[in-house]
Amino acid sequence: MLRRPGRLMFSLLVRFISHQFYLLLQYIIFIMQILTSPAPVNFTEGALSEIKRLMNEPGFDHTKLLRVGVKGGGCSGMTYILDFENQSDKDEFFEVDGVPFILNPAHAIYLAGMQIHWEGGLNSRGFTFTNPNASKTCGCGTSFAV
Numbered sequence: 001m002l003r004r005p006g007r008l009m010f011s012l013l014v015r016f017i018s019h020q021f022y023l024l025l026q027y028i029i030f031i032m033q034i035l036t037s038p039a040p041v042n043f044t045e046g047a048l049s050e051i052k053r054l055m056n057e058p059g060f061d062h063t064k065l066l067r068v069g070v071k072g073g074g075c076s077g078m079t080y081i082l083d084f085e086n087q088s089d090k091d092e093f094f095e096v097d098g099v100p101f102i103l104n105p106a107h108a109i110y111l112a113g114m115q116i117h118w119e120g121g122l123n124s125r126g127f128t129f130t131n132p133n134a135s136k137t138c139g140c141g142t143s144f145a146v
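Okay, so the sequence shown: first residue is 1 according to the numbering used here, each after it adds one.
Just to be clear, a hint being listed does not mean it is correct.
Stated by the list, open to error - Here are the simulated lysine-lysine pairs, DSS-like style, with alpha carbons at most 30 Å apart:
no.: 1; residue 1: K52; residue 2: K64
no.: 2; residue 1: K71; residue 2: K90
no.: 3; residue 1: K71; residue 2: K52
no.: 4; residue 1: K64; residue 2: K90
no.: 5; residue 1: K52; residue 2: K90
No wet-lab data here; the hints were simulated from the structure.
Bear in mind the structure is a predicted one, so any value in this text is a computation, not a measurement.
Taking the hints into account, I'd like the entire structure generated from these sequences.
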């Protein structure tokens with residue numbers, strides 16, 4: 001017995017909507033995990049040591065906090081922000097191993113699960129970022145795409 005085309009289309013449409021609803025629920029769960037986790041980004045011991053060293057330098061402005069974030073630009077489309085700045089009303093405050101940092105919640109989706117590391121060698125020196133959300137990164141290591 002042949003099905004009428006209308007029933008087949010309806011069945012396909014129901015399956016499509018069900019799948020889209022499932023994806024939406026997975027996205028909502030992901031966002032809730034980001035917002036309820038202790039800190040959306042992680043720091044290696046090397047990164048924490050270097051940040052603490054910088055904060056203990058003479059003349060450091062202790063009214064500023066470490067900002068972790070992203071901005072448009074760079075080779076791949078987005079660039080990481082890692083700087084000491086004043087906290088704004090939009091920022092969320094976190095603390096990891098005695099290091100206070102701030103993050104704009106709108107950036108959390110791009111940075112969730114990211115690890116910040118400090119490279120202190122002769123060949124490479126500076127902070128590096130391991131971001132599970134990046135679909136592509138450039139050679140400089142500070143630019144990425146999602």
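* Decide if the proposed pair is consistent with the structure: K64 and K90, CA atoms, cutoff 30 Å inclusive. => holds, 15 Å
* Is the hinted pair K52 and K64 satisfied, with a Cα-Cα distance of at most 30 Å? -> With Cα atoms ~13 Å apart, K52 and K64 stay inside 30 Å; holds.
* Below or equal to 30 Å on CA atoms is what counts here, so check K52 against K90. => holds, 25 Å
* Asked: Taking only the CA atoms, is the gap from K71 to K52 under or equal to 30 Å?
  -> At roughly 24 Å apart (the allowed maximum being 30 Å), K52 and K71 satisfy the hint.
* Asked: Taken at face value, is the distance from the CA of K90 to the CA of K71 at most 30 Å?
  -> holds, 15 Å
Against the hints set out earlier in the document, no violation occurs for any number.
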